[in-house]
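Make the full structure from the sequences, and use the hints.
Protein sequence lines correspond, in order, to chains A and G.
Note that the numbering used here has the first sequence beginning at 2, numbered continuously upward.
Note that the numbering used here has the second sequence beginning at 739, numbered continuously upward.
Calculated directly from the structure, the hints in this document are not laboratory data.
The hints are all genuine.
BS3-like cross-link-like pairs, simulated, lysine-lysine; straight-line CA separation at most 27 Å:
(1) A:178 <-> A:192
(2) G:789 <-> A:87
(3) G:1024 <-> A:116
(4) A:116 <-> G:861
(5) G:790 <-> A:60
(6) G:789 <-> A:8
(7) A:87 <-> G:861
(8) A:60 <-> G:789
(9) A:18 <-> G:790
(10) G:789 <-> A:26
(11) G:861 <-> A:60
So, partial list: chain G residues that the calculated Cβ filter (under 7 Å) puts toward chain A:
(12) 780
(13) 781
(14) 785
Note that beta-carbon positions come from the ideal geometry of N, C-alpha and C, so glycine has one too.
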Amino acid sequence: MKKIVIKNLNKIYNPNKANEFCALKNINLEIEDGEILILKGVSGSGKSTLLSLIGAISKPTNGDIVVNEHSIAKLPDIMSSAYRHKEIGFIFQAFNLLEGLSVTQNVIAPLSLTKMSEEEVREKVKKALLIANIEHKKDQKVAHLSGGEKQRCAIARAIVMEPNIILADEPTANLDKENSLLFIDILKTFKSLNKTVIIATHDILFDNLDFVDRYINIQDGAIV
Amino acid sequence: MSIFLSNEIIVFLLIELVLIVLMSISQVNIITILRHWDFNATTVLQYALEKKNYLINTILYFTIVCKIILFIFFVKSLDALAEIVPGAMCCAGVVGSNNYGNVLLLLKILIIFGFGIWIIINKLDLSFVSFPYLKQKYYLFSFLFACVILEAILEILYFVNIPLTVPVFCCSTVFEAPKLPFGYTQTMLVIIFYSLFSAILVLNYLKDAMTSFTCNLLFLFAAYYAITYFFGIYVYEMPNHKCPYCMLQKEYFFIGYFIWGSLFLGVFFGISPFLLEVLTKKHYTKMYRYSSLCLVITVIICTFYVAKYYLLTGLFL
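What follows is the structure in structure tokens.
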């Protein structure tokens, strides 16, 4: 089953202005349910732009993105937020955590927007912390964690809503080799959970991983 | 002194000008949107139109809410003008000082009703992904925009023709001989008022859109006369003071704003379901309860003044 279908997608920043920049050129891509896909390319090639479009963070200049047979390219802002909340888990290079809060409080954040019972919330948080291998630090403030622990906390937060799609933008850029390998281990868990994972990276550690279904190279906004 | 040097009129006309400029910008863009809109297309033009649509919606929502608030300011301004228009004691004198006043006021009320409908359709339209009522709401706005231009012309004509040297007639004219429509008596007017009110409550409960629409319009007409020629005299506690505007003044605790405000809101919510059905081909029954609530408030306030007078004096006026 096709999870994500991208048709003739273009993204131009500052159209019709002197600083016009074409970030994506005529992208056509189909991603299967449960597929792990690595987007490779140098900085500025358009990987992050593609992720932000799939995550409905920004809108394309033209073309369409269909997720679960629904076009998300034209969703109004309020519905985009609901789509992101329900369907997408984001993992960022800079973690984007709330430093003053504990690991658990950060992971709970997406659940606070739902009407789940306290019991359900506790269960989901525990599960996410276990998958991300950060349960032992659950009461610690994020500000006191190492880079690798912060990334694992970010992973727990990304998966606590049990999204079907996980988008990771340069997830190991701020990690050392050991923590990067730990992250790759967690990816294997995602595979076993049948999550659709799209990772934008230029880290060579991601090359030739046996559980990755596909590698796509992006260069100057186009798939090569 | 020119009427255009009055503080209220300067402020009113400046705000009106800004709102008309914003609406004109929106109207130009609306024409582009209506000509090229195709929601299923994934072209550069369609995405640009969708962005434009959000911007226009925001501008229009802002201007329309401002316009509704400006209507209240307009009424207050007319009240204030009574101080510089010779012979005028309240809005009645200022509104009736030339032939444009009453037409302008009626047009303003109709435009406010139209904008109210627009706000509801806009809210419905934005609650769907595919903007199903986009064309209807923009055609409605285009019509209302034409009315706003007409209103602006009437405003200028009205203000220019307010006499500042010749005394105007005010409530004195209505002191003389109350003119009721179709030769009705006050008793008959009150019976019609309460009968229509009861009928509307039943129809609102039954959610009968078309009959409720008709009854609400009739009630608006009957209520105007009933409030001016019957309930008003109990508000003023003077049997010959038959004025719809004086009750807006401080001396009467601004009660007119509550009476007329709840009446207009009640009628608006009563007629909206039918108009929305015509425009969107769907049923909207939620507004009936607001209609009933607002009209109950109108009737309670009106009845309170009659009851209070009777309890204090043992007499009816």
